[in-house]
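> Line order of the protein sequences matches chains A and B. Each residue of the first sequence is one higher than the one before, starting from 1343 at the first, in the working numbering. Each residue of the second sequence is one higher than the one before, starting from 8 at the first, in the working numbering.
Check before you lean on any hint, since a few could be wrong.
Restraint-style ranges between C-beta atoms, simulated for each label pair [what the hints assert, rightly or not]:
| # | chain 1 | residue 1 | chain 2 | residue 2 | range |
| --- | --- | --- | --- | --- | --- |
| 1 | A | Asp1379 | B | Gly201 | 14 to 20 Å |
| 2 | A | Glu1477 | B | Ser146 | 24 to 30 Å |
| 3 | B | Leu248 | A | Gly1528 | 46 to 52 Å |
| 4 | A | Thr1423 | B | Gly283 | 55 to 61 Å |
| 5 | A | His1501 | B | Arg305 | 30 to 36 Å |
| 6 | A | Pro1456 | B | Ala167 | 24 to 30 Å |
| 7 | A | His1501 | B | Trp279 | 54 to 60 Å |
| 8 | A | Lys1439 | B | Gln246 | 58 to 64 Å |
| 9 | B | Leu291 | A | Gly1528 | 46 to 52 Å |
| 10 | A | Lys1439 | B | Trp279 | 42 to 48 Å |
Some chain A residues well away from chain B (every beta-carbon gap over 12 Å; in silico) [unchecked claim]:
| # | residue |
| --- | --- |
| 11 | Asn1405 |
| 12 | Gly1418 |
| 13 | Pro1435 |
| 14 | Ala1441 |
| 15 | Leu1442 |
| 16 | Gly1446 |
| 17 | Pro1452 |
| 18 | Met1470 |
| 19 | Asp1490 |
| 20 | Ala1512 |
| 21 | Val1521 |
| 22 | Pro1531 |
| 23 | His1573 |
| 24 | Arg1607 |
| 25 | Gly1620 |
It is worth saying that the hints were derived from the structure and are not from the lab. Being a predicted model, the structure only gives us computed values, none of them experimental. Quick reminder that beta carbons are idealized off the backbone N, C-alpha and C, glycines included.
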Amino acid sequence: MTPDVVTEKTREQEARPERSEREGRAAILSTHGLTKDFGKLRAVDGLDIQVRAGDVFGFLGPNGAGKTTVIRLVLGLIHPTSGYAEVAGHRVPGELKEALRHVGGFVDDPTFYPLMSARRNLRLLGSMTGPVSEERIAEVLEIVGLMDRADSRVGGFSHGMKQRLGIAQALLHAPELVVLDEPTSGLDPRGMKDVRELIRDLGRGGVTVFLSSHLLHEVQQVCTRAVIIDHGRVVVQGPVAELRPHGLAVKVMTDDQTKAAETARAVFGARAVAEDDGYLVVQAGDDVPELVRRLVADDLAVRSVVPAADQGLEDYFLELTARGMRPPEKEPPGPTEQATPSGEDAARHHESEPPEETASSAELVPPKDAAPTEAAASPEAAVPLAHGSRDEEESASADRAETPAPAPEETSPASGPRVTIAVERPGGAGRPETRAVRPAVGGGDGSPPPPVESSAAPPADPAPPSASASAAPSVDGAEPVVACSQTPGPTYRYAPPPSSRATRSPASGAMPVSVYRAAPGSPQGASVSGSSAPQSIDGRRR
Amino acid sequence: MSPGGVCACPPTPPPERDPGDGCHGSTQPAMRGAHWGPLRREWVKLLFTWRTYLIWGGLAAIPFLMALALYISDTGPGPGEGPHFMSRVLENGLYVPVSALAALLLVLLPLASAVLGSYLVAGEAELGTLRAILLRPQSRGSLIVSKWLVAVLTLFVGLALVVAAGILFGALFFGLEPLVTLSGTTVSIAEGIGLIVLTALFALAAMACMISLALLFSTLTNSSLTALIATFVVFIVVQILVSFSYFDWLEPYVFSSYFGEYVNFFRDPIAWRPIGEALLVFGLWSAGLTALAWLVFRRKDILS
């Protein structure tokens, strides 16, 4: 283990001692100074990443950042120029064969023998790792919803179906570590959603998932920890909840737009206030309660406070990668930097506990950067007015539950966390949101209002490994997954509305994924088909 | 992983699960007969490839077409013309497989071997399945060796088809007679068939060299067509070179110079010495080229 990793880990533990139990878990995948040159090009440059057992680990980077090269290095397809990786306690290269026994997955697109059926492909590939029963093959095919095409030639499969088959192939031997290289590419929205739920379920089941992606919202939704790399180097590494700015964007609609704007400017500064499609966009960070209090004090009728659509991790990512791969300088701490919960904490928030005001942004410090943010834990971090002056401020992330990333143009010019204050137009019938006045908005200090809270949910829900995993299938509807999809906001959701989702029990079998989820009730050894027999594959067929 | 895993561990809550408990199915003892696993897999792969059947069909068609053409025209090539033994086909159907093998050894068999060999690694790289199979805990060495063996096996099936079809159509068109050897003696039909089988096995040994050569090029490139062309260019260039007297010194070292030694089976008694020499050369070339291919493949960066 390199000193960098050690220091990073120590910092994390200092920042959040309560997490030390979690940090104590063994690393199932780690790279140590991993370097790969292709001729003169340095594709991977002294990479140190650490994936702990049980993580759903997001591996982010722009195209050409070296993501796939790293995966190939870690799985022994290519040989490092220097450094090494460690997979399940085995060194790669060196003990590759032993290491690969613990890994399932695919690199780039999953590939198969085109003239063979899906079933035969699985049989062939699976037999290379160890014995595979026909029942297990049927099981994984059911998990990914390809049972009805099990005996047709893979050559006739669409890209999305091959992706699904790739996931089935990865799960065949129930490996400890599942490495998926952009598993949702080429999938339709339904398929994406299913795959993400499957990944979350794997995480709940204790499987470590290494998810390479350039879809930030995907990582935000399913991952507990993530690393962003660019040019083969780690840009930033840490829990997903901390990899995005925590400033919260809330759309507030009042009865007087102009006055509301003035008030907001008075609170947050001129730069923090913008207008967006009839709404006022104000960057308020965690101080939505303060904003609302001021609005109410100014005799404005607050109609609605909802999270504004924003880029979250995407903005952060663009900012990081555009700036020559340096993580942002830690500016005087603003509200965005404190109360950044880890995935698990965020999950607790979601269950409407007040947020812990412990600061943990120290984890944001890049591994190579020697100086941890001393300011991170300071109490004055909560000073509300810091926002307006911060142009480093990353925009907040709100409801991104099932939504593809909105185009960057949708962000307001000011990139910080925003509160959208929508003032009712004369004669305009309010939008659906306008009526959704939330009484909790003016809640106690430091407790974000409900819409805000739910914005923390997407990355959070994969976190609690214990609670939901063994829950009865019927509890599903109450899980954060569902809850966060109820968050208002722009959605391009393909899934049925929350109400219908809640009523759908796994037994009705609409989604193979929920079939899978049903299984953890009897975690090891029990067969999926036993616990949820009548899965139909409807909706899965192309 | 818990849901329906093939392992039968006690249902522990996921968070407490120790990753090292060996619970996942992947650490279960390997299946019985695992050594045959790689061979069987490669064989299945070849069976699920059209080009395998194309090669087999082509090889089986050659003796039939030859017999048919000679039967219809009723005039064979004169003595010394065409491949060995071709001139005798009209008198004795047993010469059909012999002359078919002789004709095939010139171009078509080396071509078929080169196709098979060059596809072995580069073909999988083209499909992208190479990275899929290398993500499985199998050594690259066993992969190369089993691939080579299965390619030889495929060719063996092809040669068996040639012999079977040759004897069948020779008997149908011309009838089988006792074989007259090059030394002028006559051997029985059964003995003659034995000699033909030996000839086919000799051809197989010769073609193993071609497969190894193609396999080497197959590991050097990600395109099976490039590997095929490279193999054939080398094969032809060497043959042209040794045809010049300046390169006579090269001839003993080149495996293609020994392709014609099968005629020694048709002497009475059989001249084993040149045959043994030829087999030794074939063996050395096959082993050397395959080992080289393994060395290349062992350290190869799989970027396909």
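> Is the nearest Cβ of chain B still more than 12 Å from the Cβ of Asn1405 (chain A)?
16 Å, holds
> Is the nearest CB of chain B more than 12 Å from the CB of Pro1452 (chain A)?
7 Å, violated
> Given a hint of 24 to 30 Å, does the C-beta separation of Glu1477 (chain A) and Ser146 (chain B) actually sit inside it?
This hint holds: roughly 29 Å between Cβ atoms.
> Does Asp1490 (chain A) really sit off the interface, with its C-beta more than 12 Å from all C-beta atoms of chain B?
Answer for Asp1490 (chain A): holds, closest chain B Cβ roughly 19 Å.
> Find the nearest Cβ of chain B to the Cβ of His1573 (chain A) and say whether that gap is larger than 12 Å.
18 Å, holds
> Does the Cβ-Cβ separation between His1501 (chain A) and Trp279 (chain B) fall within 54 to 60 Å?
Since the Cβ atoms of His1501 (chain A) and Trp279 (chain B) sit about 59 Å apart, the hinted range of 54 to 60 Å holds.
> Determine whether the non-interface label on Pro1531 (chain A) survives the test: each CB of chain B must be over 12 Å from its CB.
24 Å, holds
> Would Val1521 (chain A) pass as off the interface with chain B, using Cβ distances and a cut of 12 Å?
Given that some Cβ of chain B is not farther than 12 Å from that of Val1521 (chain A), nearest at about 8 Å, it is violated.
> Measuring from beta carbon to beta carbon, are Lys1439 (chain A) and Gln246 (chain B) in 58 to 64 Å?
42 Å, violated
> Taking the CB of His1501 (chain A) and the CB of Arg305 (chain B), does the distance hold inside 30 to 36 Å?
Hint holds: Cβ distance 32 Å, inside 30 to 36 Å.
> Could you check that no beta carbon of chain B comes within 12 Å of the beta carbon of Ala1512 (chain A)?
Not fine: 9 Å to the nearest Cβ puts Ala1512 (chain A) too close to chain B.
> Holds or violated: the 46 to 52 Å window for the beta-carbon distance between Leu291 (chain B) and Gly1528 (chain A)?
49 Å, holds
Against the hints set out earlier in the document, violations occur for numbers 1, 4, 8, 12, 13, 14, 15, 16, 17, 18, 20, 21.
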